[in-house]
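Trainee: The chain contents come next:
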Amino acid sequence: MKFTKSIPAFIAAVVVAYLLLSVMGTQFVLADVKSYGLTVSLADRLAATLHDIYGLVPAMLILVSVTLFIAFVIASICNQIIGGHRRYWFRVAGFTSLPITMMLVKFTMGVTPFALAGTGFGLLLIALSGLAGAWVYVRLTQVQEN
Amino acid sequence: MKTLGRICLFLFFVSTGYAAEYKIETVVDGLSYPWAIAFLPDGDMLVTERPGRLRLISGGKLRVQPIGNLPDVFVGGQGGLFDILLDPGFASNQRLFLSFASGTSDANATRVISARLEDHMLVDISTIFTASPAKDTPHHFGGRLALLPDQTLLVTVGEGFNFRKKAQSLDNHFGKLIRINKDGTVPGDNPFVGRDDALPEIWTYGHRNQQGLLVSADGTVWLHEHGPRGGDELNDIKPGKNYGWPAITHGMDYSGAYVSPYTEAAGMEQPVTYWVPSIAPSGFCEYKGDTFPDWKGNLFVAALAEKSVRRLVMGNGVVLSQETMFTELNQRIREVREGPDGHLYLLTDSDEGQVLRVSPPN
Numbered sequence: 001m002k003f004t005k006s007i008p009a010f011i012a013a014v015v016v017a018y019l020l021l022s023v024m025g026t027q028f029v030l031a032d033v034k035s036y037g038l039t040v041s042l043a044d045r046l047a048a049t050l051h052d053i054y055g056l057v058p059a060m061l062i063l064v065s066v067t068l069f070i071a072f073v074i075a076s077i078c079n080q081i082i083g084g085h086r087r088y089w090f091r092v093a094g095f096t097s098l099p100i101t102m103m104l105v106k107f108t109m110g111v112t113p114f115a116l117a118g119t120g121f122g123l124l125l126i127a128l129s130g131l132a133g134a135w136v137y138v139r140l141t142q143v144q145e146n
Numbered sequence: 001m002k003t004l005g006r007i008c009l010f011l012f013f014v015s016t017g018y019a020a021e022y023k024i025e026t027v028v029d030g031l032s033y034p035w036a037i038a039f040l041p042d043g044d045m046l047v048t049e050r051p052g053r054l055r056l057i058s059g060g061k062l063r064v065q066p067i068g069n070l071p072d073v074f075v076g077g078q079g080g081l082f083d084i085l086l087d088p089g090f091a092s093n094q095r096l097f098l099s100f101a102s103g104t105s106d107a108n109a110t111r112v113i114s115a116r117l118e119d120h121m122l123v124d125i126s127t128i129f130t131a132s133p134a135k136d137t138p139h140h141f142g143g144r145l146a147l148l149p150d151q152t153l154l155v156t157v158g159e160g161f162n163f164r165k166k167a168q169s170l171d172n173h174f175g176k177l178i179r180i181n182k183d184g185t186v187p188g189d190n191p192f193v194g195r196d197d198a199l200p201e202i203w204t205y206g207h208r209n210q211q212g213l214l215v216s217a218d219g220t221v222w223l224h225e226h227g228p229r230g231g232d233e234l235n236d237i238k239p240g241k242n243y244g245w246p247a248i249t250h251g252m253d254y255s256g257a258y259v260s261p262y263t264e265a266a267g268m269e270q271p272v273t274y275w276v277p278s279i280a281p282s283g284f285c286e287y288k289g290d291t292f293p294d295w296k297g298n299l300f301v302a303a304l305a306e307k308s309v310r311r312l313v314m315g316n317g318v319v320l321s322q323e324t325m326f327t328e329l330n331q332r333i334r335e336v337r338e339g340p341d342g343h344l345y346l347l348t349d350s351d352e353g354q355v356l357r358v359s360p361p362n
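Line by line, the protein sequences are chains A and B.
If you count the first sequence from 1, position 22 lands on 22 in our numbering, and the numbers rise without skipping.
If you count the second sequence from 1, position 11 lands on 11 in our numbering, and the numbers rise without skipping.
Simulated from the structure, these hints should not be mistaken for lab results.
For clarity, every value in this text was computed on a predicted model and none was experimentally measured.
Cβ atoms here follow ideal geometry from the backbone N, Cα and C, with glycine treated the same way.
It is possible that some hints are incorrect.
Rough simulated footprint, nothing fancy, chain A against chain B, three-plus residues with beta-carbon under 8 Å [said to hold, decoys possible]:
#1 132-145
#2 161-169
#3 252-263
SDA-like cross-link-like pairs, simulated, lysine to any residue; straight-line CA separation at most 25 Å [to be verified]:
#4 B:Lys166 x B:Tyr262
#5 A:Lys34 x B:Asn242
#6 B:Lys241 x B:Arg229
#7 B:Lys166 x A:Met109
#8 B:Lys165 x A:Gly55
#9 B:Lys165 x A:Gly122
#10 A:Lys34 x B:His250
Modelling step: build the complete structure from the supplied sequences, incorporating the hints.
Mentor: In structure tokens, the structure reads:
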């Protein structure tokens with residue numbers, strides 16, 4: 001019953017993390033494009049952002065979903081076995097899981113297919129996306145528990 | 001009714017077109033990821049294998065023992081032994097050029113050596129170019145070689161996948177077409193010689209992973225390069241020009257996101273043609289022979305992903321039409337070259353790679 005109730009919270013967490021990751025990824029790439037001397041208009045920026053939100057769905061939405069699912073399961077187990085504040089376990093899991101996944105992809109493929117993951121600052125932004133997803137998940141499941 | 005039958009028969013032969021006008025024979029098999037081929041003056045052939053071997057095909061048979069004394073080759077990912085180019089004076093000086101990945105998984109680069117072939121060994125080896133800086137990805141080495149009419153050497157260097165931004169700056173070799181003398185020195189008329197912010201070997205920039213390069217009979221330098229997801233390009237190369245990657249492209253990132261939302265920009269060259277979806281071009285030749293008169297002057301582009309060869313009919317510097325050929329092989333084609341006999345030679349990209357000869361049916 002509790003598990004069934006947590007599904008909408010998980011979906012919300014994935015959507016928030018994915019949207020943040022996608023939007024920041026686009027701005028990161030557009031900053032590169034500007035650095036080559038091109039002018040990026042607001043209309044182009046908005047169109048590119050929407051394009052990427054749609055375009056990243058097959059690869060990145062699935063990657064975020066699987067990553068956060070595994071991370072939240074581990075956080076839940078740690079909370080039950082070790083104890084402490086549940087929200088901290090989930091925030092740590094959210095913050096660390098997506099950068100770890102990106103690094104695993106780089107380790108296995110030898111390359112970084114998502115441009116945002118190519119720099120330390122980009123990895124930090126990815127981590128913050130996961131943290132935001134975890135925050136949403138904890139918040140929504142707490143509300144449900146109350 | 002008879003007339004109708006004749007028309008149908010005529011249309012059948014027209015529609016089957018070139019399928020009836022060539023045969024494909026296996027010259028040798030048992031090669032491991034053959035990458036490039038060179039035709040020796042005595043009719044023998046040299047074939048590079050990406051895992052770091054140079055093989056001799058003599059009298060139609062593959063010599064078991066690879067050519068000896070090759071330098072250490074970094075073999076990993078897309079890295080390995082790449083192109084081979086004979087010096088025009090090979091018959092008298094036995095000199096050749098090889099490109100390959102050198103270094104380690106943590107620090108590798110495209111390198112070119114000059115050497116002589118003597119008694120089934122390389123001798124007098126000298127490194128004439130090493131791309132800088134080294135990279136830690138085993139992808140996008142480029143590695144094609146060609147000689148200009150003035151006997152300077154062109155070398156393609158890919159952008160290393162993770163270093164695409166560097167293709168737009170001139171202080172490195174990532175995503176560049178390099179021009180050097182055959183001894184490795186820099187020609188004084190290279191476009192960026194004398195600029196403090198540029199490496200002098202650079203001839204053009206803004207490339208991704210260029211695996212096709214040729215100098216045509218009329219002196220045009222043609223280069224094709226892999227795009228990401230779509231956006232493979234055929235480019236007409238002019239020294240000093242910026243070919244746009246990754247600022248402009250018709251391809252998408254593998255993730256599905258934009259590399260750039262733009263396909264054109266001031267100061268950046270447009271491709272002569274591009275392929276979406278990707279055909280993954282690798283290998284290139286201009287047909288100059290008489291064996292297939294209809295193909296004279298056509299460009300042939302080997303395609304890995306499409307498992308084909310594209311025949312490009314050119315006119316006034318543009319592609320007038322394209323034909324997708326040899327799909328019946330169902331093989332990734334790494335290289336297409338015209339042999340001295342006027343036949344086409346194909347290299348198939350697999351651990352059971354072959355050299356195939358395309359010749360007239362009779």
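Trainee: Determine for every hint whether it applies to the structure shown.
Mentor: Hints versus structure:
1. 132-145: holds (count 3)
2. 161-169: holds (count 4)
3. 252-263: Three-residue rule met by the region 252-263 of chain B, so holds; n is 11.
4. B:Lys166 x B:Tyr262: The hint holds at about 18 Å.
5. A:Lys34 x B:Asn242: Roughly 16 Å between the alpha carbons, so the hint for A:Lys34 and B:Asn242 holds.
6. B:Lys241 x B:Arg229: holds, 24 Å
7. B:Lys166 x A:Met109: Between B:Lys166 and A:Met109 the Cα gap is close to 21 Å, so the pair holds against 25 Å.
8. B:Lys165 x A:Gly55: holds, 22 Å
9. B:Lys165 x A:Gly122: At roughly 15 Å apart (the allowed maximum being 25 Å), A:Gly122 and B:Lys165 satisfy the hint.
10. A:Lys34 x B:His250: With a Cα-Cα distance of about 18 Å, the restraint between A:Lys34 and B:His250 holds, given a limit of 25 Å.
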